[in-house]
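Peer 1: Protein chains in written order, with this note's numbering: chain B, 4 to 272; chain V, 3 to 428; chain Z, 67 to 376.
Hints in this document: simulated from the structure, not taken from any laboratory.
Where hints are given, some of them may not hold.
As the list claims (entries may be wrong) - Some, not all, of what chain B presents toward chain V, calculated at C-beta under 10 angstroms:
{"id": "1", "residue": "56"}
{"id": "2", "residue": "79"}
{"id": "3", "residue": "120"}
{"id": "4", "residue": "121"}
{"id": "5", "residue": "129"}
{"id": "6", "residue": "133"}
{"id": "7", "residue": "208"}
{"id": "8", "residue": "210"}
{"id": "9", "residue": "212"}
{"id": "10", "residue": "214"}
{"id": "11", "residue": "215"}
{"id": "12", "residue": "225"}
{"id": "13", "residue": "227"}
Said to hold, decoys possible - Here are the computed lysine to any residue pairs in the SDA-like style, where the Cα-Cα straight-line distance is at most 25 angstroms:
{"id": "14", "chain 1": "Z", "residue 1": "343", "chain 2": "V", "residue 2": "140"}
{"id": "15", "chain 1": "V", "residue 1": "259", "chain 2": "Z", "residue 2": "239"}
{"id": "16", "chain 1": "B", "residue 1": "216", "chain 2": "B", "residue 2": "51"}
{"id": "17", "chain 1": "V", "residue 1": "291", "chain 2": "Z", "residue 2": "213"}
{"id": "18", "chain 1": "Z", "residue 1": "91", "chain 2": "B", "residue 2": "51"}
{"id": "19", "chain 1": "V", "residue 1": "294", "chain 2": "V", "residue 2": "170"}
{"id": "20", "chain 1": "V", "residue 1": "259", "chain 2": "V", "residue 2": "140"}
{"id": "21", "chain 1": "V", "residue 1": "380", "chain 2": "V", "residue 2": "297"}
As the structure is a prediction and not an experimental result, all values here were calculated from the model.
Ideal Cβ placement from N, Cα and C applies to all residues, glycine included.
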Amino acid sequence: MQRTSRANRFAFSATGGALAILFLFPLLWSGYASLRTSSGFGLENYDRLFTSDNGIRPHNVVNSLTVSALTVGGTLLVATLGGYAFGRFKFWGKEALFLVTLAILMVPYATILIALYVLLGWLGLQDSLIGLSLVLIMFQLPFSLFMMRNSFEAVPAELDESAQVDGCNSFSTLTRILLPAVRPGLITVGLFAFLTSWNEFFAPLILLNSTDKFTTTLAVVNMRTASHGSIDYAALEAGVVVMAVPCLILFAFMQRSYVRGFTSGALKG
Amino acid sequence: MISRKVQAAAAFSAVLLAAALGGCSKDTPAASSAAAVDDGAQLTLWTRAATEAVSKSYAEAYNKTHKNQVTVTAYPNEEYPAKLASAAGAKSLPDLFGSDVVFAAQYASQGLWQDVTDRFAASGVKDKVSPAHVRAGTWDGRNYAVPHTIDMSVMLYNKDLYAKAGLDPEKPPTTLKEFAEQARKVNKLGGDVHGTYFGGNCGGCVEFTFWPSVWGSGGNVIDDAGTTAKIDSKEMADVFALYRSLYDDGTAAPASKDEAGPTWLGALQSGKIGIAPGPSVWLGLIEEKGIKMGVAPITGLDGGDSTFVGGDAMGIGATSTKSAQAWDFLNWTMSEEAQVEVIAKNKGVPIRTDLASNKYSSADPRIVMINSLAAKGKTPYAKNFNASFNDPQSPWLQTVRGALFGDAATALSQGNTAITKSLQQS
Amino acid sequence: MSTVLERTKAPARERARTVGRRRRKGLVGALYAAPTAVMVGLFFVVPLLLVVWMSLHRWPLLAPPTLNVPDNYTKIGDNQLVGSAVWFTVKYTVLLTVLLFGLALGLALLVQRRRRGVGFFRTAFFLPMAVGFASASLLFLGLLSDEIGPINGFLRWLGVVDGYISWTSGSGTSALSSAMLLVLWRFAGFNMLILLTGLQAIPLEIYEAARIDGAGRWQIFRRVTLPLLRPTIALVLTMMTTGSLLAFDQFWILTRGGPDNTTTSLVMVIYREAFIKLDLGSAAAISVALLVALVVVNVVQLGVLRRRSS
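So that you can see chain B by itself, here it is in the shape it has in the complex:
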C-alpha cells in the first residue's frame, strides 16, 4: 500500500513535471531569445524593437491602452447594468434579448466584421479607436453578461430587500449593496475584457487603417513582414515579451479571484 502510493506520487510528479516544462518552455525561451544578443545578453533587441523603423512606437502603446481602457470600462458598465437587469428584474423581451446576446457566441465573429466595417463607416467611426472599442465591447458581452447575471443571482435577495427597506432605490441598492458582493465577477469580466482587447489582432487589422491608430499588436505583427530583407526574430520575441508582460502581471495579481469568479459565474447557468 505504502509502495504503490509512493510510486503513484512519483508518477504524478514526473508526468506533471514533464508537462509543466513543456508548457513553460516556449514562454521561458521567448524571454531568453529576447535578451540573447550576439555578444551575450543585453537589451539590444528591445532597443531595436522601440527604435528601428519597424517595431513598436510609443503611440502604439498609447492606442492599445486607450482601446483596452475603453473596452474594459464599457464592458463593465454595460454588463453590470445588464447583469443586474437580468438577475433581478422581469421585463418585456428579457428572454429574447438574453438569447440574442448569447447568439453572438455562435456567430462567426469574422463573418460580421465585414459588415461592421461598412457600418462603422456609416457611423463615422471607421479607423477610430472608439469604433474598435465598441466592437470589442459587443464581442465581450455574451460572456460578460452571462457572468454578471449569474453573479447577481448568486447574491441572496434578502440583501436588496433590506436595502430597500432602508430607503435605497434600485440604483443605490446596486451601487452600495450589490457591487461589493459581485466583485469577483467584475474582476473576471474586467480581466477578460482587458486580455481580449489588449491582444486582439483581427478586429484592428480590419477596422484600423492609418498607422497613427495602430495598436501594439498590429505593430508587432507587422514585424513579421519585415521590410529590410530579413525578419528580426530577436526583436520580434522582445515584442512578444512586451505584449505578454502586462497580462502575466495581471494574472499573477488576480489569479485567485479570477478562478473563483470563473467557477462561481460561468459554469453555474
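Dock chains V and Z against chain B, hints included.
Peer 2: Structure of chains V and Z alone, referenced to chain B:
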C-alpha cells in the same frame, strides 16, 4: 475655416483649369501650374515600405521649396493593398497614395484615384514619362495615376565569390544557360556558399525575376488586355525547368523553396550567394554591407535581354478634398528638377525617359546599363493582377510551386486555366 | 403560488397598485438592460442583417451598391479556393477538437485532486493563456524558425535531421502541425480549467458509492465522471469547434496560408475576397454561408449531446 479655404482654392483652381483647357491650345508651363495650387496645405501620402525611401526623398525636397507640406506614411508591402482597400471603404483615403505599378489598374478601375486625365495632359510631360506606368494607371481611356518610381529586375552577382570560383568578375552571363553554369561553379565553393537564390514561395518575386527570361526567349505571360494567361508555353516551361534543376542539385540555397519575400534581400546581403536575379534598387542596399556587386541584364535561355519594369504609380485619393494641391506635388515629382536631383542623384532610375542619361548617371556605368534596360522591358497590365499573381493565395503561386517543386507539366496547364479565370473575374 | 393567493385575496385598489409597481419595476429593469440592447442591436443584429443584405449586392468600395442576386452565391461554387479552404478548415477543426479535448481532459484529470505540486502544475498549464493569440503565434514563429529557434539545432544535434528545415512552410503537414501545436499549447490550460470546474462539481459521495459497488477506475471514469461531466463537455466542444472554424490569426501569422494553400482557412478567404479582390459582396456571401453552416453544426452538436445526456 480651413475647409472653406480649401474649397475656395479648389473652386478657384477649377476655374483656372477650365480656362487653361478652354483658352489655350498650347500647354504652356504657366497653364499647367495654374491647375496646381501651392497654398500651404497639409498633404498625406501613403506608400509601401519598398518605396518608402524614394517617396520620402521626394517629399523632403518638395517640402523645402513649397508651401504645401507632404507627410509620408509607409505600410508593410504585404499589408498595403488591404489597408488601401479598407481605407477606401471607409472613405478615408489619403490625399496621395502610391501603388505597385502592376496593381494600379485595379485601383483605377475601382475609382480609388481621382481622374487626372486633363491635368496630366496639360502638364506637358505625359509623353516623356515611362509609358508602362502611364498605361498601368489608365482605365477606360482615362488617367488616374502618374509614374512615381521605377524598379527593374536585373541579375545581381557577387564579384568576390566570382573571383574565388575562378570566374571573371567582369564577364556576367549573357544567356540564362550561362547563368546556370556560373551559378553551379560558384556553388562548388561549398560551405554555406550557394550558387543562386530565388523566392520560391513568392508569386511576386518569381514573376519579377523569371518573366524577363520568358520575354527574352520570345514568350509571353498574359495578353495585352490582361484577360488571358499565356503561361503554358514552351518558353515558360523551359525557364522553370532551368531553375528547378538548380534547386534540385542544390545550387539554389535550400531556403529558396520557402522564401515568401520578406527575407529575400537578407539572403543576398549575406554575401553567400553567387548570382541571383533581383530588383535593381537592391544594388545599393547590398553594397551597404560591404559586398562588391556586379549587375547584368536578365536574359532569355539563349540570350535576349529583358526586364520587368516595376516600381510605383501614384495618384490622388478619390476622397481627398485637396486635389489641386496634391496635383501640385505629383506634377513636381515629374519635373526635371525632381528626377535629376532626387532620383538620379540617389542612383535611382528616372521615370522620365528623356532624362535617362543625366549628369549623375554617367558616373556609374552600371546605372547607365540599368537605365538603358527600361526600353527593352515590359510591365504586364491586368485589372485582377494582385489576386491572380501576387497574393499568397493566387493561382500563379500555386502554379509556381507545382512548376518548381511538383508536377511541372500539369501545374502549367492547370495554372493557365485558373489564372485566366481569375483574370476574367469582374 | 403564493403570489397568486395574495393577488386573489387583495382588494382591487391594492391589486392595481401591485400591478403598477410591477410595471414600474419592469420599466426600471428594461432601463438597466437598455445599454445591452443598444450594443447588441447596433453592433450585432444590424451587421448580421447587413451582411445578408450585402451578399445580395455588388458592393464596390466607393460607388453605390447594385443588386446582383444571386451572383455572389453562385460564384462561391466556382471559387476553387473556397473548396480547398472548406476542406482544410473542416479537417483542422476535427483534428484539433479531438486532440485539444483529449489533452485538456487529461490535464484536468491529472490536476483534479488537491495534492502537493498541483497548484504549480495548474498555473504552468494555464499560463500560456496570458499570452495573446497573435503574440503566441509570433512566439512560435521564432521558436520554430531555423534562424533562432532551438528546435532545429536540437534535432540536428540528435542527428534526426540535417540541413535546413522550415516547420511553418516546409510542407502542408508540418505547417498544419506547427499551427496545431501552437493552439494546443495556448488553449489546453484554458479548457482544462473549465473541465476542472465541471469535475469538481461532481459530489465525492457518488465516487464513494461507485467504489463501494466495486467499480474499477476505468469504470468509474466511464460510468460516473463522463456522464456527469457532459454539460461541461458540451460547452468545451462548442467553443472548440466554433474557435477552430474561425481560425485566422495562427494561419495568417504562422503559415500565411501556405505552403500551396494547404493551410488557407475560410476566414482568410473572406479577408482575401474583401480586401485583395475588393469584392465585399462576395466576402459577405461566403460569410453568410459559413454562418449558416456554423449554426447548423452547433445545433446538431448540442442536440446530440443533449439527447445522449437525457
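Peer 1: Each of the hints needs a verdict: does it hold here or not?
Peer 2: Taking the hints in turn, this is what the structure says about them:
1. 56: holds, 8 angstroms
2. 79: violated, 29 angstroms
3. 120: holds, 6 angstroms
4. 121: Since chain V brings a Cβ to about 7 angstroms from residue 121 (chain B), closer than 10 angstroms, the hint holds.
5. 129: Holds, about 3 angstroms.
6. 133: violated, 14 angstroms
7. 208: Residue 208 (chain B) check passes; min Cβ-Cβ to chain V is 8 angstroms, inside 10 angstroms.
8. 210: holds, 8 angstroms
9. 212: Holds. Min distance 4 angstroms.
10. 214: holds, 5 angstroms
11. 215: Hint holds; residue 215 (chain B) Cβ to chain V Cβ min 8 angstroms, cut 10 angstroms.
12. 225: Hint holds; residue 225 (chain B) Cβ to chain V Cβ min 5 angstroms, cut 10 angstroms.
13. 227: Status holds, d = 7 angstroms.
14. Z:343 <-> V:140: holds, 19 angstroms
15. V:259 <-> Z:239: holds, 16 angstroms
16. B:216 <-> B:51: Distance ~21 angstroms between residue 216 (chain B) and residue 51 (chain B) Cα, so the pair holds.
17. V:291 <-> Z:213: The given pair, whose Cα atoms are some 19 angstroms apart, holds under the 25 angstroms limit.
18. Z:91 <-> B:51: Violated - the C-alpha atoms of residue 51 (chain B) and residue 91 (chain Z) are around 59 angstroms apart, more than 25 angstroms.
19. V:294 <-> V:170: Given pair residue 294 (chain V), residue 170 (chain V) holds - Cα atoms ~14 angstroms apart, limit 25 angstroms.
20. V:259 <-> V:140: violated, 36 angstroms
21. V:380 <-> V:297: Answer holds: residue 380 (chain V) to residue 297 (chain V) is near 19 angstroms, not above 25 angstroms.
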